[in-house]
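Student: We have chain E already, so just place chain V on it with the hints.
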Amino acid sequence: MLSRVFKKINLGLVILFLIIFSLGVMYPLVYVVGAAFSPGNSIASLNIIPFGDGVTFAHFKELFTNTNYLIWYKNTLFIATCTSALTIVVASLGAYVFSRFHFTMKKSMMLAMLILQIFPSFVGMIAIYVILLRIGGLDHLWGLILVYLAGNIPYNTWMVKSYIDTISKSLDESARIDGANHLTIFWKIILPIARPIIIFLGITSFTAPWMDFIFPKMVLRSADKQTLALGLFSFVTDKKNDFTIFAAGALLVAIPFIIFFIITQKTMVTSFGTAAVKE
Amino acid sequence: MGIKLKEDGSSKKKILITSILFMGLGHLIFLKQYVKGLLYAAIEVIMLVMLPTIISKINGAISLGTPKPDLPVKLRDHSIFMLIDGVMTLAIVVLFFVIYYISVRSALASYKDYCIEKKFKSNSESMKGFLGKAFPIFGLAPTVGLIVFFVIVPLMFSALVAFTNYSSPNHIPPNNTVDWVGFANFKAMFGGNATWTSALGRVALWTLVWAILATATCYFGGMLMAIILLDNKLKIAPLFRGIFILPYAVPSVVSMLVWQNLLNGSFGTVNRTLMKLGMIHTAIPWLGDQWLSKFTVVMINLWAGFPYFMLLITGTMTAISADLFEAAKIDGAGRFQLFKNITLPLVMYQTMPLIIMSFTHNINNFGAIFFLTGGKPVLSDTTTTSAGGTDLLVTWIYKLTVNLMRYNYASVLAIMIFVILAPFAVFQFSRTKSYKEGEL
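Line order of the protein sequences matches chains E and V. According to numbering that gives the first Met the number 0, the first sequence is numbered sequentially starting from 0. According to numbering that gives the first Met the number 0, the second sequence is numbered sequentially starting from 0.
Bound conformation, chain E alone (with noise of 0.2 angstroms):
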């Protein structure tokens, strides 16, 4: 009787240390939501007690209409699609190859691109601004995809590569007898199989430019090439701090990668998982 009633009392212990904890998590994106709604600009003016001053959409209108958000959007959506769509070819046939083929310096190359992956781009940024200059790609969308799909490669090379490896070769042999060429075995076969982790590969290229700020900083000049990481991060800077705009803006970003990473959270996860555990 009294271990039950000591039970209840903990189990109620427990919720209730949820749900402070899940107030403090929600915290600060209610207070965006609530900002985002607010009248007035500044966070110095803004009610700290969220909604408190009532709800307006000016600044979802001011988004649209005074500055070049969907703009924004636009080359943003496009850059990740790109580098998605391309990191997903390169890698996978890179990993392929790397996976079904022996050749001269195979080796030294895969190591070669272990080591590689350790550095952040940014590191070669300079060297990176001249050559995009010597081939005409500054201030050009395609520059920075470019940026992006050759930092992605090395790791995710290794990431398929060793995804692939555990797909058993006795099927690319039965294949090869039936007449099946190297391409048509690594579109028809290989990539089926490995639908999990180009899924997974797929996912992850095309969030991170979403927010990278580094490239397009560098790479793109004209007001009319900006990406939204640029473009928020305008709002609120040392000199000016418009950050009801800044999280109307923000709120736009994260409201479909919320529904989608929930949709997604299950998939993500065990594929994060496999994808390192597996090596």
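FYI, nobody ran anything at the bench for these hints, they're computed from the structure. Take the hints with a grain of salt, since some may be wrong.
[Stated by the list, open to error] A few chain V residues facing chain E, derived, Cβ under 7 angstroms:
no., residue
1, Leu139
2, Pro141
3, Leu145
4, Pro153
5, Ala248
6, Pro250
7, Thr281
8, Phe338
9, Ala413
10, Leu420
[As the list claims (entries may be wrong)] A few chain V residues facing chain E, derived, Cβ under 10 angstroms:
no., residue
11, Gly138
12, Ile146
13, Val150
14, Tyr165
15, Ser167
16, Tyr247
17, Phe417
Think of the CB as a built atom: it goes at the ideal place given N, C-alpha and C, for glycine as much as any other residue.
Tutor: Just chain V now, with coordinates in the frame of chain E:
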């Protein structure tokens, strides 16, 4: 061409010599593989035509240009372009020799086939075989091209800059040239210059402390929540789990910028709220004090990072076989013992690679610092070195490059990151399946 080859393998030397003499020559004279031979020969011809350019580009990278103060700025030697061109040219030359090597190997392989089959493959047959055998080349061409020109060349360039005096204000092309200075930058950073040395020591130490704290707090924070949610058999656990995932789902730039504003010392919402509630009377400098800001960034990183490990550990824990627990319970183990002896070791073992990955990620965690504090607060040497109280090596590199234009010191830091992280990369490599099975 009617030059006969012996079928017993004794003409190997002839093939080897002709192939080395000129790319594709062996294919053309002996092996009757004209298309392939011409392709190879064309590559070598192009290289020979370009030879003067190649030599002048590489010379340019070695000399880095001479100062010509009397010329207009546009006509002066641009040392940085010369250096990058030199590195790119070098990369092309290396690629050329790799292709050369492949061509010799291919000639020898074709001869071996001839000796076995006693006849040449017809041209169409050999092209088909070529396409089949050359599949790795086609498959890897984009990978190699991109990596060479957008990863290796930039990194090589960065590494070389560490040995030059490329820095503001006196050595910025095109006004001035840049020169090789040997190890001078390393000497200045490691003891030669007191201000820079102390800044480097401080930043490097904080980078390590940060990476350990950030990884450990997120890991154990995530584990704690995973256990609480799994252990108590709550019906509403999925709801809480859904809430806790939110920080992970929000893009980190957004959440860090939000926190930066909320925690602002003078007008931030957190301080204003605490003051209204009467809990504090003066503003707390969350991001303004040297030590408090370090604590704050670790805590905010915990907020953003624990969901990932919570999800991961939940997954690992549910996969542990229930038999193990049953057996332990029969032996009289308590809940804590079950956790200590079964759950914890298994989860730790399973997630070890991810802990290491998270650690290396945190060493390079640019976003968490740059958007939250910008590296601030300002310390006594910040005006000279630009390194603030929460700057990591990566954010410092960024500031040295973009704000101070001290490219030479930034490159020294990049090399340091390499030295810190390379052992982890090798460790990861040694754990891979293909390495263990001796395939590589």
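Student: Tell me, in ascending order, the numbers of any earlier hints that this structure violates.
Tutor: 7, 8, 15
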